[in-house]
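Chains as they are written, first to last, in numbering that gives the first Met the number 0: chain X, 0 to 400; chain F, 0 to 400.
Be aware that one or more of the hints could be misleading.
It does not matter which identical chain is meant; a pair holds if it fits inside one copy or across any two.
[To be verified] Capping the alpha-carbon separation at 16 Å, the derived lysine to aspartate or glutamate pairs in EDC-like fashion look like this:
(1) K83 / D4
(2) K16 / E313
(3) K210 / D305
(4) K144 / D303
(5) K51 / D305
(6) K241 / D175
(7) K397 / D59
(8) K83 / D8
(9) K116 / E170
(10) K51 / E313
(11) K35 / D361
(12) K35 / E52
(13) K258 / D215
(14) K258 / D4
(15) K16 / D283
Please keep in mind that the hints were generated in silico from the structure rather than gathered at the bench.
The structure displayed is predicted, hence computed values, not measured ones.
2 protein chains.
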Amino acid sequence: MIGLDQIKDITRSTPSKIVLLVIDGLGGLPHPETGKTELETANTPNLDRLAKEGICGLVDTVSPGITPGSAPGHLALFGYDPLKFTVGRGVLEALGIDFELQEGDIAARGNFCTMDKNGIITDRRAGRISTSKCTELCQLLDGIKVDDVDLLVSPVREHRFVVVFRGEGLEDELSDSDPQRDGMPTKEVVPLATGAARAAHIVNKFIAQAKATLADHYPTNMVLLRGFAQYPNLPLMSEVFKLKPAAIAAYPMYRGLAKVVGMEVLATGSTIQEELETLAQHYDSYDFFFIHIKGTDSAGEDGDFDRKAGIIEEVDIALASLTSLNPDVIIVTADHSTPALLKGHSWHPVPFLLRSNWCRPDQVQEFSEKACSSGSLGRFLATNIMPLALANAQKLSKFGA
Amino acid sequence: MIGLDQIKDITRSTPSKIVLLVIDGLGGLPHPETGKTELETANTPNLDRLAKEGICGLVDTVSPGITPGSAPGHLALFGYDPLKFTVGRGVLEALGIDFELQEGDIAARGNFCTMDKNGIITDRRAGRISTSKCTELCQLLDGIKVDDVDLLVSPVREHRFVVVFRGEGLEDELSDSDPQRDGMPTKEVVPLATGAARAAHIVNKFIAQAKATLADHYPTNMVLLRGFAQYPNLPLMSEVFKLKPAAIAAYPMYRGLAKVVGMEVLATGSTIQEELETLAQHYDSYDFFFIHIKGTDSAGEDGDFDRKAGIIEEVDIALASLTSLNPDVIIVTADHSTPALLKGHSWHPVPFLLRSNWCRPDQVQEFSEKACSSGSLGRFLATNIMPLALANAQKLSKFGA
């Protein structure tokens, strides 16, 4: 597998355009009654045509058998080895709400949750409270100072918020306070490296103060923190791939992830049609577009097979406005599978198609997990996608003499 | 490829059960008259059904083009990169006869062989003498002391024995005395690292003494030693994969290999049916079972195409008692190919199937080299098997946020 240092030497800037359409959680499992996956169930004439004109395969975003979180799944799609480069959840959340992190800040993802009188978490999401309620609660906590550290608390969406610890000498090797399931007490945050002892102390003091502040706010009477992280230092897509990349994503975390690798995040409406309108508006200004569709993953997580299939059909209809722009390279794939049957991310490889004028079409006639398994790309790692995209956009010089 | 350190963080213990059935040397080459391999010739309705319900592929256990020895082949199947982790033959043989190695011991595999009056080896196996004859000869050599080093000589099976060198300051970087084919003299053992000079000296003195002791015992008048090795320090399957693993193998070396990665070796009869009875007896006590079938490899090594196909049919019939236990994950594959046409291990990839309730079946309809080549796993490295097994047994958490 070629490394970023090696590919950097052969990338070149050209006017050709690449569109990477990520249908989050697209891969599925067969419905017990029909034997067809969500994608195989949906009527997708546009995707089928792209598959027929293009090359297909099945992608392991991290490694075979591994269920990717959203961050490693996307980093891999962007060309960054997710086993080598990591981005903490807290940083992603902060970036996703346009929070301007400063060097040394530690960010964490927070949930408002419900705790019973014995200290047991009974609902990690406090009934998915409204974003306005979340904003109100954040105002109660924002600006708390623990010792000489400033606490900045900002709402994200529903029960979720970001807390940023700003002060001297903080290190981010910290365990989570979130037990990750209901019926357990919160965990004490412990330092996972000696340098993080001070940060752990500050975080635990903040949690105690938050608990006191929220005591009368049942069912949002406690906070759970996880994913403590400082801003990572990843090579930028503009440097490595010599692209001018833009991201179109309705959900904060995916915007945050795009920013980490140096994409410009475009303001957009949240429907699929609106996202594709955003693409059309900005089409002349960039040469790489990452478009993120969230609905498929949410439907999969909810176990709603039919809704997931329906959203895939919506994407297919909207595709017409994408293909009418005639990008040099169109890629359609996913960051991971989210089968409705499993109600969560899974390890199953994701279907992949790439269409360009120079792709040497294979024998695949439709876009489905089954059809992609006989594509000319075979089963391959996601870190190969960017080199394939750049090659098909004729943005790569020869390697070696 | 995810490393053991990384997968360790996401493995979790659950009650689900994994059975890894290794049909040693399963992969073959087409018979010149029929164009069908041993597996394609055998009638295998049970294997075909598992392939149809499961996912298939072709596995390179070490790397494409590389003919694996039994140790790297099995280490890879157990999830250990065989290019990184090595286990010397001598250690495997010693473990396989339940020899309790001490730290610093060097173990080697020995053959009793036949040497002519010119010092040429005429039969490396001395006509595959009986195990009782081997035991008798070992008694002649056991307990010899060379300088201050104790020599412990134990019979294995037929012409094979283990010799253990026990003393201070021995290092195991030693060449073999076994020329690996008939018609050659034995080789002097030379140190392959400066620290091993003393061990080489001791070993050569032992060989000279053994030759003198066996002079009147034609056709077992010489010894061949190979695979000098000290006990390796591999991470255990219980730690890395959080499994409680058990091994069912009739042959010593495979039991030894299982012990090296921390499997408990179950006492078993040696027929396929007896091995599967052992599985049923212990089914409740473990969550991972490695079952080793030796006959296919032996038949392949003997160049006996029909016998190999016959043993595959035996395995297929016996499979019913395995599937009736309804393991969460069944894997059937091999450590390497042993085509009867080549009378030895070969580099050809081995057919692979994995069946679970969550595997997203592909289009493969039968278990054969040809059919597996169009499976959704494509052609892949054996080190991916354990992650796939664990994922399908739902023993892996999400990787990253």
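Exercise. From the Cα coordinates, with 16 Å as the cut-off, is the pair K83 and D8 best called within, between, both, or neither?
Worked result: between (20 Å within a copy, 15 Å between copies)
For this session: First find the shortest C-alpha distance between K258 and D4 inside one copy, then the shortest across copies, and answer within, between, both or neither for a cut-off of 16 Å.
Result: neither (20 Å within a copy, 29 Å between copies)
Problem set entry | Intra- versus inter-copy proximity for D303 and K144 (alpha-carbon distance at most 16 Å) | neither (43 Å within a copy, 74 Å between copies)
For this session: Check K397 against D59 for me: Cα-Cα at most 16 Å, and say if that holds within a copy, between copies, both or neither.
Result: between (27 Å within a copy, 14 Å between copies)
For this session: Up to 16 Å between alpha-carbons, please classify K16 paired with D283: within, between, both or neither.
Result: Within one copy only: 9 Å inside, 55 Å across.
For this session: First find the shortest C-alpha distance between K35 and E52 inside one copy, then the shortest across copies, and answer within, between, both or neither for a cut-off of 16 Å.
Result: between (23 Å within a copy, 14 Å between copies)
For this session: If the cutoff is 16 Å on CA atoms, where do K241 and D175 land: within, between, both or neither? Let me know, please.
Result: neither (37 Å within a copy, 22 Å between copies)
For this session: Measure nothing new, just compare the shortest in-copy and cross-copy C-alpha distances for K51 and D305 to 16 Å and report within, between, both or neither.
Result: neither (25 Å within a copy, 26 Å between copies)
For this session: Go through the copies and call it for K258 and D215: within, between, both or neither, with a Cα cutoff of 16 Å.
Result: neither (38 Å within a copy, 58 Å between copies)
Exercise. Between copies, within a copy, both or neither: which fits K16 and E313 at Cα up to 16 Å?
Worked result: neither (24 Å within a copy, 40 Å between copies)
Exercise. When no copy is named, should K116 and E170 be tagged within, between, both, or neither for a Cα gap of at most 16 Å?
Worked result: Classified as neither: same-chain Cα gap 33 Å, cross-chain 63 Å, threshold 16 Å.
Exercise. With identical chains treated as interchangeable, where does the CA-CA distance between K83 and D4 reach 16 Å or less: within a copy, between copies, both, or neither?
Worked result: both (14 Å within a copy, 13 Å between copies)
Against the hints set out earlier in the document, violations occur for numbers 2, 3, 4, 5, 6, 9, 10, 13, 14.
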